[in-house]
Amino acid sequence: MSKNTLMAAFAAFLLGTTSLVYAADDVTPDKLLNADSEAGNWLTNHKDYSAHRFSTLNQINKSNVKNLHVAWTLQLGGIEGGGIWSHGGLEGTPVVQDGYMYVTDGWGSVYKIDTHGGQGKILWRMDPKTDHDWAGAVACCGVDNRGVALAGNMVISHTLDGRLIATNKDTGQIAWQRQVADPDKGEVMTGAPLVVKNLAISGVAGAEYGIRGWIAATDLTTHKEVWRTHTIPAKGEPGSETWKDNYNAAAMGGGSTWVTGSYDPRTNTLYWGVGNPGPDWDSEYRPGDNLYTDSTLALDPDTGKIKWHYQHTPNDPYDYDSVAENVLVDAPVHGRDAHLDLEADRNGFAYAVDRDTGNFIWGLPFVKKVTWTKGLDPETGKPAEYDPKKAVQQYAVTPSRQNTVTMICPGNMGGKNWPPTAYNPILKEWYIPVIESCNRVTVKPENPNKKPHPRDLFTGGGPDQPVRITGSVTAIDVTTGKEVGKHETPYPMLGGLLTTPDLVFYGQPDGIVAALDAKTLDQLWSFNTGGGVNAPPMTFTSDGKQYVAILVGQGGAWDKWFIDATPELKKVHPSSALYVFSLN
Amino acid sequence: MRVFKTANCMGCHKWSGIGGGGYGGAAANLRKTTLSLDQIEQTIRCGRLGKGMPHFQEDAYSDGHCYGLKKSQLSATQMPPEPDHPLRPADIKAVAHYVFEKLKGSGDPTFAQCQTFFGTRTRACDVYEDQSSGHVQAAAAERDQASPRQHMKVEAASDANAPR
Chain A
1 MSKNTLMAAF
11 AAFLLGTTSL
21 VYAADDVTPD
31 KLLNADSEAG
41 NWLTNHKDYS
51 AHRFSTLNQI
61 NKSNVKNLHV
71 AWTLQLGGIE
81 GGGIWSHGGL
91 EGTPVVQDGY
101 MYVTDGWGSV
111 YKIDTHGGQG
121 KILWRMDPKT
131 DHDWAGAVAC
141 CGVDNRGVAL
151 AGNMVISHTL
161 DGRLIATNKD
171 TGQIAWQRQV
181 ADPDKGEVMT
191 GAPLVVKNLA
201 ISGVAGAEYG
211 IRGWIAATDL
221 TTHKEVWRTH
231 TIPAKGEPGS
241 ETWKDNYNAA
251 AMGGGSTWVT
261 GSYDPRTNTL
271 YWGVGNPGPD
281 WDSEYRPGDN
291 LYTDSTLALD
301 PDTGKIKWHY
311 QHTPNDPYDY
321 DSVAENVLVD
331 APVHGRDAHL
341 DLEADRNGFA
351 YAVDRDTGNF
361 IWGLPFVKKV
371 TWTKGLDPET
381 GKPAEYDPKK
391 AVQQYAVTPS
401 RQNTVTMICP
411 GNMGGKNWPP
421 TAYNPILKEW
431 YIPVIESCNR
441 VTVKPENPNK
451 KPHPRDLFTG
461 GGPDQPVRIT
471 GSVTAIDVTT
481 GKEVGKHETP
491 YPMLGGLLTT
501 PDLVFYGQPD
511 GIVAALDAKT
521 LDQLWSFNTG
531 GGVNAPPMTF
541 TSDGKQYVAI
551 LVGQGGAWDK
561 WFIDATPELK
571 KVHPSSALYV
581 FSLN
Chain B
1001 MRVFKTANCM
1011 GCHKWSGIGG
1021 GGYGGAAANL
1031 RKTTLSLDQI
1041 EQTIRCGRLG
1051 KGMPHFQEDA
1061 YSDGHCYGLK
1071 KSQLSATQMP
1081 PEPDHPLRPA
1091 DIKAVAHYVF
1101 EKLKGSGDPT
1111 FAQCQTFFGT
1121 RTRACDVYED
1131 QSSGHVQAAA
1141 AERDQASPRQ
1151 HMKVEAASDA
1161 NAPR
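Residue numbers (our numbering), protein chains in the order written: chain A, 1 to 584; chain B, 1001 to 1164.
In case anyone wonders, no lab produced these hints; they're calculated from the structure. Mixed in with the good hints there might be a few duds.
Label pairs and their computed distance ranges (CB to CB) [said to hold, decoys possible]:
1. B:1163 <-> A:402: 31 to 39 Å
2. A:390 <-> B:1069: 44 to 52 Å
3. A:402 <-> B:1029: 21 to 29 Å
The list that follows gives simulated cross-link-like pairs (lysine-lysine, DSSO-like), each with its CA atoms no further than 30 Å apart [stated by the list, open to error]:
4. B:1032 <-> A:450
5. A:451 <-> B:1104
6. A:129 <-> A:560
7. B:1102 <-> A:560
8. A:129 <-> B:1153
9. A:451 <-> A:235
10. A:197 <-> B:1153
11. A:224 <-> A:235
12. B:1153 <-> A:62
13. B:1102 <-> A:185
14. B:1005 <-> A:444
15. B:1051 <-> A:369
16. B:1032 <-> A:185
17. A:129 <-> B:1051
18. B:1032 <-> A:451
19. B:1005 <-> A:129
20. A:560 <-> A:368
21. B:1005 <-> A:571
22. A:185 <-> B:1153
Here's a subset of chain B near chain A, in silico, CB distances under 10 Å, partners left out [to be verified]:
23. 1063
24. 1125
25. 1153
26. 1154
Glycine included, each C-beta is placed from N, C-alpha and C at the ideal position.
Sequences are here, hints too, so could you generate the full structure?
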């Protein structure tokens, strides 16, 4: 019995109860609700339930960030390939509690690292023995795992082959696990779980393989599934009327949920993004708006019931999914207090909706170039060309069976992909990691009479990369919905952002990690890690001292599908490392 | 088979060589290829002009031995992609033989072929046979002994938004 379980057992004995009793360093539901009050910790994937990725730590600040240097590094594993992938990569956000850090590699190994004493020491590694060939063959976009959740004295994580695993925080032993997703159907898992109350909430990937997406909640005490909300409604459910074909396209309708959601305790609402419809580029295959693809869902976390939805790209012919994190912000908009849900969509537009009602508040393009639509309807936020009476939408530029080869901007990887945004509540500025992109889509119609085998791609075409792609960090004033700054970068933003009171941190796929002035977006510091960065930076304290940490290891989709748009990155080799920075 | 795995041919053509469409453009079905052994070898060495098939010989376009062309005569769109890792001549021969002897003309992929490729410790092959069949069950039992808990069944809750 570990020290913690012993203590918990003793406490339970004293109280004469076996109900939930926690040891001092257990991560209770209360701790997660108040994650922001523990400035030196980073207790959940997006830092807090609002997904701000904002830290109040300011030992490292505008005046001294130029002195930031490597404090220590660690080499991790998980670099091996599997399925259609020649290597794994790192996309995780480290989680830190009281100086102990938990990170994952692409195949889902969890590492506990002691950061005390100014160095990193691996205390244990939990290797889930992921089935590489089973899962790697149906992972559309890399061997990825975006990190862990903490709950009680357990570390909760996912594996690419579809498991939810609880590992004892002290010993590194697997306490229990269950299968949540089924790779036989093309389902895999890459996101970090979200723990809300006594539930671990999981999302799924696989919309390129003909899945019908879902979000599922597992009870952490009984280890049983409590609810499963499908993102494509079944026949007879509200929304099923938006699938107008007569060959059940909805059954393979897509709607993945592979980015961790957010939670508002004030209204007990869970917010989760939903991915693209399948087949990706053959929109005529699936006439109708295709709910709830490309939508934000607001859900009751106790039951999984959908409270409202907001769809960004109805009948999407571009692969402009909306899996992105929803950022929950309270701020005045044009002088009136508002409860905002912010989402930076793959379609190149940033949206603010009222998170209590799902009503559109503002929207604007955050990329330099949008060609697929003329713009958003100022009342509804729908694309200007959207016609609810049409079964197959015609936007300004629409890949289709008639128009089989088209350039689209942003490209299908999106103006922003999964890499997370960051929100600075002091400046009321929201920072978006941007892929400034166009690419070319070729439509190859799918045949409803010849459905693909399980585990086969189901995309209705494919993209290629005739033009160079760059990036930017783009800042938006949430009180006006206006862009207030753009720091351009030579490569797309594939890792995501962190903000502190006066700084913004990011990493580039060519290995550069950099800090910007949060107000002016001027670059104040940079360091070349010598690997490819496609993971978000985070910050924490250990022994009272502030550190910035970031995983370095090229992985994800870019390398296989989009590399021709950034030819220099072909020279970046796979790696698997953790970099931790500090002042002197 | 070793080279087919390590050179990541399967990244585009799948383990079975069946290829197929989708995200990165369609890779040829090697099971249905009509090419001779020499032509297969040439394709692997030289790639395909203007297509997604990489040239696995490092200096394929140095002296004109591939299609009589040199790098300087090829536009960026014609030039076959660089491979992740170029192959040695012996490996190119070996993988060409593998394609010619094991893949060409071999019909639909089977559970047994899949197991020969991957071994028994993975579920990657289950979809090739009816789940109730003896083969799949025997394979599952062997795996479960090797790594209990690695392959469990999904026990999903019922649909949260189902009409009642």
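Index of numbered hints that the structure contradicts, given in increasing order: 12, 17 and 23
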